[in-house]
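Guided by the hints, dock chain B onto chain A, whose structure is given.
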Amino acid sequence: MMASSYNAKDEDGHLPGSVGSGGPGAVKSKKPDNTAFKQQRLPAWQPILTAGTVLPAFFMIGLIFIPIGIGLLVTSNNIKEFEIDYTGVDMSSPCFSCSQNYSWNSTSACTCSVPFTLDQPFESNVFMYYGLSNFYQNHRRYVKSRDDSQLNGDKSSLLNPSKECEPYRTSDKKSIAPCGAIANSLFNDTLELFYNHPNGSKITIHLEKTGIAWWTDKHVKFRNPGGNNNNLSSVFRDTSKPVNWHKPVYELDPSDPDNNGFVNEDFIVWMRTAALPTFRKLYRIIQKKKDNMTPTLPPGNYSLEVTYNYPVRSFDGRKRMILSTISWMGGKNPFLGIAYITVGSVCFFLGVVLLIIHHKYGNRNNSADIPN
Amino acid sequence: MLGIENLPKLAGPFLKTERKGPAAMIQQFEQDHGGGMAKDLAKNRRVVMPSWTEHEEIKELQKSYSRNKVRTTKYTFLSFIPKNLFEQLHRFANLYFIFLAALNFVPIVNAFQPEISIIPIVFVMSITAVKDLWEDQRRRKSDQKVNNRLCDVYDRKQKRYVERRWAEVCVGDLVRLCCNEIIPADMVLLHSSDPNGVCHIETANLDGETNLKQRQVVRDLPQGSEFVPENYSSHIECENPNNDLRRFRGFMEHPGKVRVGLHSENLLLRSCTVRNTETVIGIVVYAGHETKAMQNNSGPRYKRSKLERRLNMDVLWCVILLLLMCLIAAVGHGFWLSGLQNPIYMIPDDTHPALAAFYMFWTMIIVLQVLIPISLYVSIEIVKLGQIYFIQNDLDLYNPVLDTGVQCRALNITEDLGQIQFLFSDKTGTLTENRMLFRRCTVAGTEYPHHENGPFTSKHTPLILWECAVVPDPQLQAKLNTLSSAMRSPPRQQAAEISHILDFFLALTVCNTVVVSSPTQPRHVSPTTPSGTPSYTPSTPVTPALSSGAWSEDVDDIQKAKVNSADESESDDEDEAEELLYEAESPDEAALVQAAKAYGCTLLGRSPEQVLVVVPGTGPLSIPLLHVLPFHSARKRMSVVVRHPLTGEVVVYTKGADNVIMELAEADGNLGRRIVMERTQRNLDQYAREGLRTLCVAKKVLEEQEYEAWLKRHEYAETSIENREELLLESAERLETNLTLLGATGIVDRLQEEVPETIEALQEAGIKVWVLTGDKQETAINIAFACKLLRPTDHILMANCDSKETCEARLHELQHEIRQVTKEGVSEDDSSDCVLVIDGRTLDYTLQKELQGSFLELTCCCRSVICCRSTPLQKSQVVRLVRDKLKVMTLAIGDGANDVSMIQMADVGIGISGQEGMQAVMSSDFAISRFKFLRKLILVHGHWCYTRLANMILYFFYKNVMYVNLLFWYQFFCGFSGSTMTNSWVLIFFNLLFTSVPPIIYGVLDKDVSGETLLDLPDLYKSGQNSQAYLPSTFWMNILDAFYQSLVCFFIPYFAYTGSDIGVFSFGSPINGSALLIILLHQLIESRTVTWIHTAILLFSALFYYAFVLLFSLTCVTCNSPTNPLGIETKMMSDPLYYLVCGLTTVLALLPRYYTLEQCHRRLSAQDYSTSLRQWKENKAAQRLSSRHVPQNLSVNADMPHLTDCIAEAGAVLS
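Keeping their order, the protein sequence lines are chains A and B.
Each residue of the first sequence is one higher than the one before, starting from 1 at the first, in the UniProt record's numbering.
Each residue of the second sequence is one higher than the one before, starting from 1 at the first, in the UniProt record's numbering.
Extracted from the complex, chain A is given alone in its bound form (with noise of 0.2 Å):
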């Protein structure tokens, strides 16, 4: 990249004449050490730029980026991916009725049916995103409006949240748990895939519902206060549901017990507040095929059953449901591998403009030898 011109001196460098203190008792010299470092003459590497260093650096960096950039472009382009909105503006869209009377507090579930087609079989593991949008997750007091502790299990900030949890802190004189604004507005729509087999027979699609959580939000950050205490509802005795909450935080998953509490994964993932008003989190793996002769998600029509909870149209949200496949390097996502390859081919293209230049040009600037 650079050229590097090894500036090293000798160490012993000259020695001025013996000192001339002739006063009696031996007064300490005040002459300086001669080391290399006191007279700045420790060993430099200097970066010098000149033509023929810079161009290789530049060539070098088109090498290597375009090839990353379409190994990345060709990845991300094998990666099959699904979304269909659901929110139901539309008049035509199915969730159009129950999107219009949203309520928190509504009783009785409203249901939608959103059906669609996939025209490319999904291979391998299909994960199964909801995605919100014009959602500000990461708003500063929302992002705040939360209890680590008491998430942790810690008993008495369970029973006494922390004040950034305020107002979602106590209802009824008794302290919400999980308090605090993220927990209050958690996710609630439940989604269920349907295949629509050619036969006309609807075939139920598996979700996963663990594994959907990062390992150490699971296991060590996200406890259930009591610890291995099966009897839930016992230990959240003292403490209320979130106002929004249909359920206490114990019976979010009735299917699984171990999955109840603060470690319900869904309740996990929510609490992962997004980085980008737009956004998607995992909702369910649909694991592939034991057999490995059928994709996981065959070609077909699909239904998607929404029980409709969640509001947002009333700051212009959106709801959708992705499927997606997975690479190494996650979900689809042309734009780093262009990247790389302009970046690259800049790169290359200066690499060319200046060896124009140094060819004719460069030739005079060459010869300056610069006094060192």
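Heads up, some of the hints might be wrong.
[Claimed, not checked] Only pairs whose alpha carbons sit at most 25 Å apart, straight line, appear in this in silico DMTMM-like list of lysine to aspartate or glutamate:
no.: 1; chain 1: A; residue 1: K332; chain 2: B; residue 2: D1135
no.: 2; chain 1: B; residue 1: K885; chain 2: B; residue 2: D833
no.: 3; chain 1: A; residue 1: K202; chain 2: A; residue 2: E192
no.: 4; chain 1: B; residue 1: K887; chain 2: B; residue 2: D833
no.: 5; chain 1: A; residue 1: K281; chain 2: A; residue 2: D316
no.: 6; chain 1: A; residue 1: K38; chain 2: B; residue 2: E1012
no.: 7; chain 1: A; residue 1: K288; chain 2: B; residue 2: D1135
no.: 8; chain 1: A; residue 1: K31; chain 2: B; residue 2: E181
no.: 9; chain 1: A; residue 1: K30; chain 2: B; residue 2: E202
no.: 10; chain 1: A; residue 1: K38; chain 2: B; residue 2: D132
no.: 11; chain 1: A; residue 1: K155; chain 2: A; residue 2: E166
no.: 12; chain 1: B; residue 1: K1131; chain 2: A; residue 2: E208
no.: 13; chain 1: A; residue 1: K30; chain 2: B; residue 2: E754
no.: 14; chain 1: A; residue 1: K209; chain 2: A; residue 2: D256
no.: 15; chain 1: A; residue 1: K241; chain 2: A; residue 2: E166
no.: 16; chain 1: A; residue 1: K31; chain 2: B; residue 2: E753
no.: 17; chain 1: A; residue 1: K281; chain 2: B; residue 2: D1135
no.: 18; chain 1: A; residue 1: K31; chain 2: B; residue 2: E754
no.: 19; chain 1: A; residue 1: K38; chain 2: B; residue 2: D396
no.: 20; chain 1: A; residue 1: K31; chain 2: B; residue 2: D396
no.: 21; chain 1: A; residue 1: K38; chain 2: B; residue 2: D1016
no.: 22; chain 1: B; residue 1: K1131; chain 2: A; residue 2: D217
no.: 23; chain 1: A; residue 1: K30; chain 2: B; residue 2: D394
[Said to hold, decoys possible] Derived coverage of chain B by chain A (criterion: at least 3 residues anywhere in the stretch with Cβ under 8 Å from a Cβ of chain A; other residues may be distant):
no.: 24; region: 344–350
no.: 25; region: 1110–1121
no.: 26; region: 1130–1140
Since the hints were derived computationally from the structure, they do not count as laboratory data.
Glycine residues also receive a C-beta, built at the ideal position from the N, C-alpha and C atoms.
Chain B alone, transformed into the frame defined by chain A:
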């Protein structure tokens, strides 16, 4: 009782300075020693009695005086925290920080947890505190060392001297000191082993002067071989402690109510060294902090550098930028809020959007606070300490002779050294050695050129060698020899001349204040003298006058001298005489005595009553010294009144400035005398043109009655209380009339080594060098030629005017002249060839308001300006005029007290330590020991310090803007809610810890150009003068670059992760990671030298960051809510995408700087180097050419014929 009306009378003895024994002893009126005395006295003066005194009140009083323990530390163990805190709160930056921290405690606007926002201020303040503590600790250590020194103090109980620590000495203690011991406190000298009651001290520790100063025992104390402390019971009254080193007033009252005045000659100052005296005993009058040495210690000075003033401007810009960004965020937040209808992610809040926007403004100030680089101030201080460390440790600036390096007294203007545009230099002692060498003399109108005293070419002649290197002029020597070889009477006319010559040398020998000592042994350590003979011979046949035994060791010398002269071997005599060492307060005097010695007129010794000399042909002679009329700046001369040893007449010998003596010397219509005077005047003019310092010597023979008459009035003057100074002056003037001119001497003050080279280099570096001197015009011009300030081809513009009108006219005339000159020489290089020489009186006119403008205009066209005959006040006025009117960086360098005002006025003041005391050094910012060190100090260290600091500051701005903008961009995606995507600890530490050390290392160690190159190509210095490293444009370029980099650093991760399930803090992880890489690699690109230290620090910073975040994300389970980092970094860094994002971001962010800036910069600088190198080589060649062609070029100066000589002379003498 001593009332207020008695005070003037009491002041009497304080004003007195007695010299003559009995005459000076004046009986004072009786005074009541009643109980109130001590109390009353305590207000105005102090009373000192031996510490065992039984006088209770005085005992009490004495206890209240400061003890000898010194404490220069600022803090004690207890006072450190409150005092330091208080001092730090005086800084504006710290207040800002505290304001922010306090703001964070307001719930409605807080951005982080309150405790986190305290970290920066605590960090910065504790770093400063540690720095202060460290400095204080160093002071404490040196204090301890000083306090624990030992000295002998008389203990009454044990009736002997016991060893005590300095700290335990208190006022009233009797202290005994031996030769070469350091004086522990200010003491009044009570006894000296010297039979004359004198002792010598070396004040090198105090003012750097290495010559000996004589101190005298208080008069009328019983002098003998033994001093019995028990018998001493007098009490001393003296003025309260003050910092005037040269003044001490007081009196000593013996039990018999006899008072003797005390003056500075009786005072031994703390930290001086006793020399040449076996033992002395003194009583402590001032101890510890009340000593004059401590009162003069003012500590380091604080100035604000030009760069710092610029920096403060840019900090203001940053504030504006910050306010702008906060405003954008606030307005954005308001609009964002007003478009919302109670979404579920909003915490229910009734705040009106406008109010919320207002709150948001303050929140954003907290979030973006890092934009104001507060740690920058601490970093700058640390960097400057580092720079000073390296300046002080530079071997090239170390003077092995004096064992001193550079002293950096001002700690915070190192970078100003790199921006100097005008240099004002003193001449004597700065450009020259201020070590005088006798070069020529004229006696009775005959000039003796002393050709053998040729130029000294060797640069490192040891001082002692050339001090003795007066080679007698053969002609003069021959004439003198006629005197010594045979006492037969020579031809009449010649006899007159010879007696003239003899008088001349006698005057040189006698009329001075030189102290004689032998270099091999102190004068009074005598018991084992090599001669082995009993040296104490009260009465020797040769010196009957010395019956009192005043000469002990000297008698030995005399005997030897006598033996030698008996052997009539001149050379032996010289060998013997060479052992004598002359120490004088003025170097001229020593040079003259040396010169006289070369002719056989040897000064052997001096006591207050007589002078012992050897005159050719006579052997040792004792000359009774009747009076000494010391040098006075108003009279510009000194005189001695002696009784001539041969004729027995009372003779006055006077020595002084030529113009004064010439006025006083009277021709009296005597033709011979007039001829002598005319010839002498001609010779004097010649000497001046050669750059010699001239002195005239004259004598006057007094009739006995005349003397008696004068003596009476003189004694009256000596004893008078009021107007004593004036009366003495008048008395001296009465005596110094009707003088007979004996001759004149020419003394050369050698140029210091490498002065021409240094001045040449500084001028090449674009620094305008002005010389401000008190010397005569001719001398100044000649020195200017000698040190290459003036070139033979230069056009010299003289300005000597008597009135304001002529001055104005002359200035216009000169401007016209310059225009003509420049027209003619357009083809030559741009630097003008005009040099203005202006004298003191004209300078006075030009410094007046009306003429300032045209004067400055004129000087701007000149390459250099030489001001002669200028006073200290004028010097500082000139500096101020140039500094304020031209808005340039000025540097003043000088060595004497007369340069102090100039040094203090200039932006950078440099003192030269050495000959003329320490006042210049005390008031300077940097102190060096030779002028030549200025070259490396300015051209290399100045350049380095400036570019280093400028680059570091720019980098700091860049770093902060770059990092803060990342947070700002995020606001567009979080509803301007003041949210951050970074863990708050990392956010705070990012600037304080992870990226703070590399810029400091960079600021201390980076070298844009090697020192050798900077010395070879002074042109490179111009970049600092023009502030090229830190222009507003470079500042804004850096800010723009920071904006670009932050955009890249934010939006590449943004687009890479948009739409995905990335969490807030996971999103921040690659952004932080790449920001760190960008910032560190940016540093690497900016560095011109990379040593292992740089590498280690860069690696350390990167590793520190990663270690911190990884450890944090592994261990922090519930901590730091709500920005809990658990698992984030580990998760992100196990994802290949993280590295891909970081790689792309880093490369793309640094690409423009790497490509455009670096490429252009390097290419430009490479071209610069090559062109300036070529220029340099050409210059060298041209110089060689021009120096060879001097004679031809001289025709240019045809209008000033006398210069032709001196140029040739200057070339010959000082090449």
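Results of checking the hints against the structure:
As the CA atoms of K332/A and D1135/B are separated by approximately 15 Å, the hinted pair is consistent with the 25 Å bound. For the hint linking K885/B to D833/B, the alpha-carbon distance of about 23 Å falls within 25 Å, and the restraint holds. Straight-line distance between C-alpha atoms of K202/A and E192/A comes to about 12 Å, which keeps the hinted pair within the 25 Å bound. Between K887/B and D833/B the alpha-carbon distance is near 23 Å, which keeps this suggested pair within the 25 Å criterion.
Among the hinted pairs, K281/A with D316/A is consistent with the structure: their alpha-carbon atoms are about 19 Å apart, no more than 25 Å. Taking the CA atoms of K38/A and E1012/B, the gap is near 16 Å; set against the 25 Å cutoff, the hint holds. As the CA atoms of K288/A and D1135/B are separated by approximately 23 Å, the hinted pair is consistent with the 25 Å bound. About 23 Å separates the Cα atoms of K31/A and E181/B, which keeps this hinted pair within 25 Å; it holds.
Distance restraint check for K30/A and E202/B: the Cα-Cα separation of roughly 19 Å lies within the 25 Å cut-off, and the hinted pair is therefore satisfied. Proximity of K38/A to D132/B is assessed by CA-CA distance (about 23 Å); at most 25 Å being required, the pair is judged to hold. Taking the CA atoms of K155/A and E166/A, the gap is near 19 Å; set against the 25 Å cutoff, the hint holds. Of the pairs offered as hints, the one joining K1131/B and E208/A holds, with about 22 Å between alpha carbons and a cut-off of 25 Å not exceeded.
Between K30/A and E754/B the alpha-carbon distance is near 23 Å, which keeps this suggested pair within the 25 Å criterion. A hinted pair counts as satisfied when its Cα atoms are at most 25 Å apart, and K209/A with D256/A qualifies at roughly 9 Å. Among the hinted pairs, K241/A with E166/A is consistent with the structure: their alpha-carbon atoms are about 14 Å apart, no more than 25 Å. Of the supplied pair hints, the one linking K31/A and E753/B holds, its CA atoms being roughly 20 Å apart against a limit of 25 Å.
Between K281/A and D1135/B the alpha-carbon distance is near 18 Å, which keeps this suggested pair within the 25 Å criterion. For a cut-off of 25 Å, the pair hint linking K31/A to E754/B stands: about 21 Å separates their Cα positions. For the suggested pair K38/A and D396/B, the alpha carbons sit about 12 Å apart, so the restraint of at most 25 Å is met. Between K31/A and D396/B the CA atoms are separated by roughly 10 Å; this keeps the pair inside 25 Å, and the hint holds.
A threshold of 25 Å between alpha carbons decides the hint, and for K38/A with D1016/B the separation of about 22 Å falls inside it, so the pair holds. Note on K1131/B and D217/A: the hinted pairing holds, with a Cα-Cα distance of about 11 Å set against a maximum of 25 Å. With a C-alpha separation of about 11 Å, the suggested pairing of K30/A with D394/B holds against the 25 Å cut-off. Counting residues of the region 344–350 of chain B whose CB lies closer than 8 Å to any CB of chain A gives 5, which reaches the minimum of 3, so the coverage claim holds.
Judged by the Cβ-Cβ criterion of 8 Å, the region 1110–1121 of chain B is covered by chain A as claimed, because 3 of its residues qualify and three suffice. A count of 6 residues in the region 1130–1140 of chain B with a Cβ less than 8 Å from any Cβ of chain A is obtained; the coverage claim is therefore met, three being the minimum.
When each numbered hint is compared with the structure, no violation occurs for any of them.
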